[in-house]
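A.B. asks: These are the residues of each chain, in order.
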Amino acid sequence: MSAQIGRSSQFGQSSQIGQISRIPYVDYLVLGPEPHLVAHECAECGARYFDRRNACASCGGTEFAPADLPTTGEVTSFTIVTAAAPGIPVPYAAAVVDCGGTKVAGNIIGTEPDPGHIRLGMRVALSTYVAGTDGKGVDAVNFGFAPLEDGASEGRN
Amino acid sequence: MAEDVWLLGATMTKFGKHRDLDLIDLAAEAALGALRDGEVTMKEMGVLAAGNLLGMGGSVGQLLQKQIGQTGIPVFNVQNACATGATALRTVSMAIKAGEADMGLAVGVEKLAGAGHLGARPRRAEPEEWTRTGRFGAVGDTDGRIGTQGMPGVFAQVGMEYAHRYGGADFELFARISEKNHAHSTLNPLAAYTRPMSAEQIMAEPMIAYPNTRAMCSANCDGAAAAVLVGGTRLRTLSPGQRRRAVKITASVLTSDPWEEACQVLPNVNTLTRNAADQAYEQAGVGPEDLDLVELHDCFATAELVHYDNLRLCEEGGAVDFFASGAPWRDGRLPVNVSGGLQSKGHPISATGIANVWEIAHHLRGEAGDRQIEGARVGLAHVIGLGSACGVHILERAAA
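In order, the protein sequence lines correspond to chains A and B.
Quick note: the first sequence uses this note's numbering, first residue 1, plus one each step.
Quick note: the second sequence uses this note's numbering, first residue 158, plus one each step.
Everything labelled a hint here was simulated from the structure, so no lab data went into it.
A couple of the hints might just be wrong.
[What the hints assert, rightly or not] Ranges between beta-carbon positions, derived for each pair: (1) B:GLU439 x A:ALA67: 37 to 47 angstroms; (2) A:GLU34 x B:GLY544: 31 to 41 angstroms; (3) B:LYS254 x A:ALA146: 50 to 60 angstroms; (4) A:GLY61 x B:ALA556: 50 to 60 angstroms.
[To be verified] Keeping only pairs whose Cα atoms sit at most 20 angstroms apart, straight-line, the calculated SDA-like set for lysine to any residue is: (5) A:LYS103 x B:PRO424; (6) B:LYS223 x B:ASN234; (7) A:LYS103 x B:ALA419; (8) A:LYS103 x A:ALA125.
[Stated by the list, open to error] A few chain A positions that, by computed beta-carbon distances, are all more than 12 angstroms from chain B: (9) PRO33; (10) GLU34; (11) PRO35; (12) HIS36; (13) ALA43; (14) THR62; (15) GLU63; (16) ASP68; (17) GLY110; (18) ALA125; (19) ALA146; (20) PRO147; (21) LEU148; (22) GLU149.
C-beta atoms are modelled at their ideal positions from N, C-alpha and C, and glycine is treated no differently.
Here chain A stands alone, though its shape is the one from the complex:
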């Protein structure tokens, strides 16, 4: 990847042939048969970023390459937000998930957002859902992390 990361569709995700029906909510979510996240990895030091960078905050390098993340991880912190700005549905669970050594911010989905159902150290897997539909009928698909039941098989690592 060139030094300057593009302003949009930076991972070059191709849409379906013909009418576009769904797009990822953020650039670093890759849809398809195996939805996963992809980071900008600094070619110099390996630091990873999800947002567009002018240079690496760790080493100053300006070369980045895409790096796929594992789709499973461990909850290293969470909160359950019950008071938020107007229009944001509450409660929701926000968490930090360690995906193979790279920390990711995301919501915990697929379970009740209460402290009885979410715990520190819990194993989770990336999951996608339709976050909204625009006036042209295109679904924006977002990601979250759903609890992995004990013994359930884990996705790609």
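Dock chain B against the given chain A, drawing on the hints supplied.
C.D. replies: Coordinates of chain B only, in the frame set by chain A:
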């Protein structure tokens, strides 16, 4: 040898709702109070630093001069998130150390009563056509959809991360930290809230972002604080009374985040605080064991816990045990937030970094009344603002 810096005068306004005072009235009340406290006038000030985050758009210092004295001195209007007040102090301190001024005034002021959730923006409706914007190329708002950007939730995760790493911290423990600060504020007539609350009451308050209930969040309110700083050479020319009440600032430190893995995902409030504390202890030539009291940035109950550790008040990983031992209560081994802290005294953002220095100085001067920590000689004041910026000041009772 750079000049020693001393706190000559300081004050804070009552924190709370000031319906009849505008931003500049509040700043003027604090500034004039600090000048009176130091027995000096605006004419003697060589520099003014004014901190304000959410008010008048960057010229608070000049607006303030029009109310307290336009003497033509340089004005620095500073903003540095919740470390804004500490940054104003640090600016004046640097001017004195650099020899550009021998006396200066630092002011921090904020009007926040009724401000609600800071930084929270209403969610936008779905558009006619999705468009990618911003550095994440997001087609819509991410707050609430990809984690949380609200301060209560961010700092809740800061505390929960510590709980995950070291264990022993749960909802009740965080509530008990808040109980301590609400108990302490009952002795502080300038605090926004002075009503004691039991841990049970605190846990029964409306939940904002688990494990922080409303009583465990810093209180938005109006307030101002100000301090007059003076160089040691000039101080020795002042009256015996002024010299007796002067408090030495033995460390003044400001840090920002060094890059670390995950610091972009969840703000790392730990490393820059540890760096600031280490630098401050080295500058002051003291260690945590020498401190008689600490005012730290308990913007949420979950934040206070991690800063016991970050400020080296306990051994690494030992914050839960430190709290459980009773140490940070006002009758404990190392009282923390005897003012009531941000949760109870209140958090008018830009005033906070000077108000906590005033609190320490108040005890070192032996003027803290009912809440006096007897025999206090050394104290530490800490603030952190997300972004991040961390200010640490160490003050010492010393003969000028």
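A.B. asks: Work down the list of hints and note, for each, if the structure agrees.
C.D. replies: How the hints compare with the structure:
1. A beta carbon spacing of about 39 angstroms between GLU439 (chain B) and ALA67 (chain A) agrees with the range 37 to 47 angstroms that was offered as a hint.
2. A hinted range of 31 to 41 angstroms holds for the C-beta pair GLU34 (chain A) and GLY544 (chain B), which are about 36 angstroms apart.
3. Between LYS254 (chain B) and ALA146 (chain A) the beta carbons are some 55 angstroms apart, a value that agrees with the proposed interval 50 to 60 angstroms.
4. For GLY61 (chain A) and ALA556 (chain B), the Cβ-Cβ distance of about 53 angstroms falls inside the hinted range of 50 to 60 angstroms, so the restraint holds.
5. Note on LYS103 (chain A) and PRO424 (chain B): the hinted pairing holds, with a Cα-Cα distance of about 12 angstroms set against a maximum of 20 angstroms.
6. Restraint check for LYS223 (chain B) and ASN234 (chain B): the C-alpha separation of about 15 angstroms stays at or below 20 angstroms, so the hint holds.
7. For the suggested pair LYS103 (chain A) and ALA419 (chain B), the alpha carbons sit about 5 angstroms apart, so the restraint of at most 20 angstroms is met.
8. Simply put, LYS103 (chain A) and ALA125 (chain A) have alpha-carbon atoms about 13 angstroms apart, close enough for the 20 angstroms limit, and the pair holds.
9. Residue-level check passed: PRO33 (chain A) sits 22 angstroms from the nearest beta carbon of chain B, beyond 12 angstroms.
10. Interface exclusion of GLU34 (chain A) from chain B stands, the closest Cβ pair being 20 angstroms apart, more than 12 angstroms.
11. Even its closest Cβ contact with chain B, about 14 angstroms, leaves PRO35 (chain A) beyond 12 angstroms, as expected for a residue assigned away from the interface.
12. Listed as a non-interface residue, HIS36 (chain A) keeps its Cβ farther than 12 angstroms from every Cβ of chain B; the least gap is roughly 15 angstroms.
13. With a closest Cβ-Cβ approach of about 16 angstroms to chain B, ALA43 (chain A) is found to remain outside the 12 angstroms limit, as its non-interface label requires.
14. Every Cβ of chain B is farther than 12 angstroms from the Cβ of THR62 (chain A); the closest lies at roughly 15 angstroms, confirming the non-interface assignment.
15. For GLU63 (chain A), the shortest C-beta to C-beta distance to chain B comes to about 17 angstroms, beyond the 12 angstroms cut-off, and the non-interface label holds.
16. The non-interface label for ASP68 (chain A) is consistent with chain B: the shortest C-beta to C-beta separation is roughly 17 angstroms, beyond 12 angstroms.
17. For GLY110 (chain A), the shortest C-beta to C-beta distance to chain B comes to about 15 angstroms, beyond the 12 angstroms cut-off, and the non-interface label holds.
18. At the 12 angstroms boundary, the C-beta of ALA125 (chain A) stays outside the reach of chain B, the nearest C-beta of that chain being 16 angstroms off.
19. Chain B leaves ALA146 (chain A) outside its interface by the beta-carbon criterion, the shortest separation being 15 angstroms against a cut-off of 12 angstroms.
20. Chain B leaves PRO147 (chain A) outside its interface by the beta-carbon criterion, the shortest separation being 16 angstroms against a cut-off of 12 angstroms.
21. Non-interface status of LEU148 (chain A) relative to chain B is upheld: no Cβ of that chain comes within 12 angstroms, the nearest being about 17 angstroms off.
22. For GLU149 (chain A), the shortest C-beta to C-beta distance to chain B comes to about 21 angstroms, beyond the 12 angstroms cut-off, and the non-interface label holds.
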